[in-house]
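A.B. asks: Sequence:
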Amino acid sequence: MPEQKTPKLDARLSLLWEFVRPGGVVADIGCDHGYLSAALVGSGKCPRALCCDIHEGPLWRAKETARLYDLTEKMDFRLTDGLEGVSPGEADDIVIAGMGGDLIARIVLETPWLRSGDKHLVLSPMSKAQDLRRALCEHGFSILREQGVREGRFVYTVMAVTFTGERFSPDEVYARTGALPLDGAPDSWDYLRHQAQIVRKIAENLQKSNTYSNKSNEYNEIADKIQEMIESGGRKT
Numbered sequence: 001m002p003e004q005k006t007p008k009l010d011a012r013l014s015l016l017w018e019f020v021r022p023g024g025v026v027a028d029i030g031c032d033h034g035y036l037s038a039a040l041v042g043s044g045k046c047p048r049a050l051c052c053d054i055h056e057g058p059l060w061r062a063k064e065t066a067r068l069y070d071l072t073e074k075m076d077f078r079l080t081d082g083l084e085g086v087s088p089g090e091a092d093d094i095v096i097a098g099m100g101g102d103l104i105a106r107i108v109l110e111t112p113w114l115r116s117g118d119k120h121l122v123l124s125p126m127s128k129a130q131d132l133r134r135a136l137c138e139h140g141f142s143i144l145r146e147q148g149v150r151e152g153r154f155v156y157t158v159m160a161v162t163f164t165g166e167r168f169s170p171d172e173v174y175a176r177t178g179a180l181p182l183d184g185a186p187d188s189w190d191y192l193r194h195q196a197q198i199v200r201k202i203a204e205n206l207q208k209s210n211t212y213s214n215k216s217n218e219y220n221e222i223a224d225k226i227q228e229m230i231e232s233g234g235r236k237t
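For the record, in the sequence shown the residue sitting at position 169 is 169 according to the UniProt record's numbering, with numbers rising by one throughout.
These aren't lab readings, by the way, just hints derived from the structure by calculation. It should be emphasised that the depicted structure is a prediction, and the values quoted were computed from it without experimental measurement. In this text, a Cβ means the ideal position worked out from N, Cα and C, and glycines have one as well. Careful: at least some of the hints might be erroneous.
[Stated by the list, open to error] Restricting the straight-line Cα-Cα distance to at most 25 Å, the calculated cross-link-like pairs of lysine to aspartate or glutamate (DMTMM-like) are:
#	residue 1	residue 2
1	K128	D224
2	K128	D76
3	K201	E228
4	K119	D102
5	K8	E64
6	K5	E18
7	K225	D92
8	K5	E64
9	K201	E166
10	K8	D32
11	K5	D76
12	K74	D92
[What the hints assert, rightly or not] Just the calculated beta-carbon pair ranges, DEER-fashion:
#	residue 1	residue 2	range
13	S209	G117	43 to 51 Å
14	G44	Q207	51 to 59 Å
15	I198	I54	50 to 58 Å
Between the sequences and the hints, there should be enough to build the whole structure, so can you do that?
C.D. replies: Set out below in C-alpha cells:
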C-alpha cells in the first residue's frame, strides 16, 4: 500500500491497488470518488490516472479528491460511457470495478484495442461474476490471477486479465470459480463457499418444479465439485 499521504482505501480498493502494475498510466472506469486513482498516482505507483465515469457526480467528487491531495496535474477526468472517451495509447492498465459483471463484459468487448497483450485489465464485478468469466473466456481473454476480498458482509473477487486469443467455453464450475482455487487466500475460500451456497440454493429451487428436476441434479453436482475444491485446497485435475 502507498506510504505517503493518499486517500485511505478499503479492503476492495486496496486489492485493486495491488493488482495494478507499477509504472504505467491507469484508466479507472467508474471512478466514483477517485480514491483509487489518487492513491495510485499519489504513491508514485502510476505516473498518471484517467478518471472516467458516465455521470457528472462521480467526476466532480474525483476532482475534489484530486484537489484535496494536490494531484490535479496527474489526474485527468473524462465524462464517458465505459472506454469510449479513452484512446488506445492513453492507458496501460484499465480498472473496471463497482458494477455488474454483465456491464463490465460489455465495456471490455466493445473496446477493440483491449485485444492486445500489452493491456492489463483489473476487473472486480459486484455481481454476475460468472457472466463476466464466460464472456472473457469465449472472447480470448485469460484470467491471469484472481483473489477474493471481503468488504463488510460481502465477498468480492478481483481479476487480473489480459488478451491471449485463447478461446474456450468454460463449464459452470469454472464460470463460478475462475482462478480462485489457485489463490489460497482466506477470502478466496470464503468466496468459493458462498458460490457453493448460491448454486445449492438454485438446485433447491429447481427441485420444487418437476419440469426442472434434472437441472436441479446438475446444479447439485456443480455445488459438490466446488465443495470438493474447498476441501482439497484447490482445483482437482
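A.B. asks: All the hints need checking, so say for each whether the structure fits it.
C.D. replies: The hints, checked one at a time:
| no. | hint | verdict |
| --- | --- | --- |
| 1 | K128 to D224 | holds, 20 Å |
| 2 | K128 to D76 | violated, 30 Å |
| 3 | K201 to E228 | holds, 17 Å |
| 4 | K119 to D102 | holds, 20 Å |
| 5 | K8 to E64 | holds, 15 Å |
| 6 | K5 to E18 | holds, 17 Å |
| 7 | K225 to D92 | violated, 37 Å |
| 8 | K5 to E64 | holds, 16 Å |
| 9 | K201 to E166 | violated, 33 Å |
| 10 | K8 to D32 | holds, 14 Å |
| 11 | K5 to D76 | holds, 20 Å |
| 12 | K74 to D92 | holds, 15 Å |
| 13 | S209 to G117: 43 to 51 Å | holds, 46 Å |
| 14 | G44 to Q207: 51 to 59 Å | holds, 55 Å |
| 15 | I198 to I54: 50 to 58 Å | violated, 29 Å |
In summary, the structure is inconsistent with hints 2, 7, 9, 15 from the numbered list given earlier, while agreeing with the others.
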